[in-house]
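Chemist: Using the working numbering, read the sequence shown as starting at 648 and increasing by one per residue.
None of these hints come from the bench; they were simulated from the model.
We treat Cβ as the ideally placed atom computed from N, Cα and C, and that holds for glycine.
Accuracy of the hints is not assured; some may be wrong.
[Stated by the list, open to error] Under the rule of at most 25 angstroms between Cα atoms (straight-line distance), these lysine to any residue pairs were calculated in the SDA-like manner:
#1 K744 x F782
#2 K732 x K680
#3 K732 x Q719
#4 K744 x L725
#5 K683 x M763
#6 K732 x P765
#7 K680 x M649
#8 K732 x R771
#9 K680 x A696
#10 K767 x I783
#11 K683 x V786
#12 K732 x A800
[Unchecked claim] Label pairs and their in silico Cβ distance ranges:
#13 D728 x I658: 48 to 56 angstroms
#14 V777 x D728: 20 to 28 angstroms
#15 Q665 x N781: 31 to 39 angstroms
#16 Q687 x Y653: 34 to 42 angstroms
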Amino acid sequence: MMGVAYADFAIGEAVSVQFMPGHVVSGKVAWSKEGKIGVQFDEEIDLAAALKNMGSTHVESQLNRAPRLPIQCDGEALLGDVRIKLEVRDISQRGIKAVIPTVRPGDEVTVMLPGMEPRKAVVRWSQLNVAGLNFIRPVGFEELARWAIFCQAEGCATCERKTA
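Turn these sequences into a full structure, and let the hints steer you where they fit.
Modeler: Okay, here's the thing in structure tokens:
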């Protein structure tokens, strides 16, 4: 498989490709050139089924959600004129899960994360100070990839990639 890479990969380096939640395939970098890589998977994949599932809203009666990137990052949200601290637990192109007090489903907030443009979101669910915020305008894949690299480069001062 060929893919666009937003970081440097060495030939032979082990990688994992997430086609959708629950469908992660491991492999190795076969080649790398001009921001693109070729991945040789460790097992055969059913490409037609993978592509079909990626385009479906439901897979096996489950909602087909955007892949999440587990990451810890401190930020803020604006709820009206009130500034609220938040801690991101994971992020996708469509939204974040965050520790954020005092929000309720239906609230519209502006999410402000270091290295990313402010983005409006709607609170979809909230339980014990953890909430799911759905971006009104999804984050582009390239923007999200560059932001994740920014977070890794900044280290613990702003964002930290979860390893567990």
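Chemist: All hints are to be evaluated individually against the structure, with a verdict given for each.
Modeler: Hints, one by one, checked against the model:
1. In summary, the hint linking K744 to F782 is supported, as the alpha carbons are separated by about 11 angstroms, within the 25 angstroms threshold.
2. Distance check on the hinted pair: K732 and K680 sit about 41 angstroms apart at the alpha-carbon level, beyond 25 angstroms; violated.
3. A threshold of 25 angstroms between alpha carbons decides the hint, and for K732 with Q719 the separation of about 13 angstroms falls inside it, so the pair holds.
4. Straight-line distance between C-alpha atoms of K744 and L725 comes to about 16 angstroms, which keeps the hinted pair within the 25 angstroms bound.
5. Among the hinted pairs, K683 with M763 is consistent with the structure: their alpha-carbon atoms are about 24 angstroms apart, no more than 25 angstroms.
6. Only pairs whose Cα atoms come within 25 angstroms are accepted, and K732 paired with P765 is accepted, the gap being roughly 14 angstroms.
7. A threshold of 25 angstroms between alpha carbons decides the hint, and for K680 with M649 the separation of about 11 angstroms falls inside it, so the pair holds.
8. Of the supplied pair hints, the one linking K732 and R771 holds, its CA atoms being roughly 18 angstroms apart against a limit of 25 angstroms.
9. At roughly 28 angstroms between alpha-carbon atoms, K680 and A696 are farther apart than 25 angstroms, so this suggested pair is violated.
10. At roughly 6 angstroms between alpha-carbon atoms, K767 and I783 fall within 25 angstroms of each other, so this suggested pair holds.
11. A C-alpha spacing of about 21 angstroms is found between K683 and V786, which places the hinted pair at or below 25 angstroms, so the restraint holds.
12. The hinted pair formed by K732 and A800 meets the criterion: a straight-line CA distance of about 22 angstroms does not exceed 25 angstroms.
13. Look at D728 against I658: about 53 angstroms separates their beta carbons, and that is inside 48 to 56 angstroms.
14. Between V777 and D728, the C-beta spacing of about 24 angstroms keeps the proposed range 20 to 28 angstroms intact.
15. In this structure the hint that Q665 and N781 lie 31 to 39 angstroms apart at CB is violated, the actual value being about 20 angstroms.
16. At roughly 20 angstroms, the beta carbons of Q687 and Y653 sit outside the given window of 34 to 42 angstroms.
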